[in-house]
Amino acid sequence: DAGVTQSPTHLIKTRGQQVTLRCSPKSGHDTVSWYQQALGQGPQFIFQYYEEEERQRGNFPDRFSGHQFPNYSSELNVNALLLGDSALYLCASSRGSGANEKLFFGSGTQLSVL
Amino acid sequence: GESVGLHLPTLSVQEGDNSIINCAYSNSASDYFIWYKQESGKGPQFIIDIRSNMDKRQGQRVTVLLNKTVKHLSLQIAATQPGDSAVYFCAEKASTLTFGKGTMLLVSP
Numbered sequence: 001d002a003g004v005t006q007s008p009t010h011l012i013k014t015r016g017q018q019v020t021l022r023c024s025p026k027s028g029h030d031t032v033s034w035y036q037q038a039l040g041q042g043p044q045f046i047f048q049y050y051e052e053e054e055r056q057r058g059n060f061p062d063r064f065s066g067h068q069f070p071n072y073s074s075e076l077n078v079n080a081l082l083l084g085d086s087a088l089y090l091c092a093s094s095r096g097s098g099a100n101e102k103l104f105f106g107s108g109t110q111l112s113v114l
Numbered sequence: 001g002e003s004v005g006l007h008l009p010t011l012s013v014q015e016g017d018n019s020i021i022n023c024a025y026s027n028s029a030s031d032y033f034i035w036y037k038q039e040s041g042k043g044p045q046f047i048i049d050i051r052s053n054m055d056k057r058q059g060q061r062v063t064v065l066l067n068k069t070v071k072h073l074s075l076q077i078a079a080t081q082p083g084d085s086a087v088y089f090c091a092e093k094a095s096t097l098t099f100g101k102g103t104m105l106l107v108s109p
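These protein sequence lines are chains A and B, in that order. Taking the numbering used here as reference, the numbering of the first sequence is continuous, increasing by one, and the terminal residue is 114. Taking the numbering used here as reference, the numbering of the second sequence is continuous, increasing by one, and the terminal residue is 109.
Excised from the complex, chain A in its bound form (with noise of 0.2 Å):
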């Protein structure tokens, strides 16, 4: 049983591109939470999507957006790249958008902006 995987691992790219990131969810998965880890800190909450549409998102601007297919899979887009987007970004998923539903995490992309 595959977890979380998530593509590419490892990303370089130069300010002002744009970047796309994708995730698979744990079989069984209909959920996908997106998180932002900068080095040192906890991961932060970008959006979740549940059903293809996005159910809730935390304090990113408009440049992160985000899609989610019928088989459940998700893509995170980042415009206009920033030097401070570089980060780990993190897939999660679970059963559910429910409040008490576990997150399982992928081991993320790293996203180095030049």
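Rather than coming from a laboratory, the hints here were simulated on the basis of the structure. Please note that the accuracy of each hint is not assured.
Stated by the list, open to error - List time: in silico DSS-like cross-link candidates among lysine-lysine, alpha-carbon distance up to 27 Å:
#: 1; chain 1: A; residue 1: Lys13; chain 2: B; residue 2: Lys56
#: 2; chain 1: A; residue 1: Lys102; chain 2: B; residue 2: Lys68
#: 3; chain 1: A; residue 1: Lys102; chain 2: B; residue 2: Lys42
Given chain A, work out where chain B should sit, using these hints.
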């Protein structure tokens, strides 16, 4: 704003000791709490959770205690092993899951 924080950024223990990692939370609306372990190069790994209607929950070698009166959460690890070395995060959930900054646990053989 609401936040979750940890008292100790680094905890060093000897193998075989019991470890206690503490966490303070400030969102009184949070009703679900989780401890995660994160090893270098990996995503957070679920350890144990507790709902607000409980004050203690035990797992394998781990115990979580919740004190809602003082908004405090702790993770106890019994007989700590070198493989327990990692960064530990507490997280609280009201509408979304909010993480604290983490505590690094270092276990010496």
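**Report entry** Pairwise hint evaluation, B/Lys42 against A/Lys102, where the allowed Cα distance is 27 Å at most
**Finding:** holds, 18 Å
Query raised in the report: Between A/Lys13 and B/Lys56, is the straight-line Cα distance small enough, at 27 Å or below?
Result: Answer violated: A/Lys13 to B/Lys56 is near 46 Å, above 27 Å.
Query raised in the report: Within 27 Å, alpha carbon to alpha carbon, are A/Lys102 and B/Lys68?
Result: Cα-Cα ~21 Å, so holds.
Figure legend: structure checked against the earlier numbered hints; the only hint not met is number 1.
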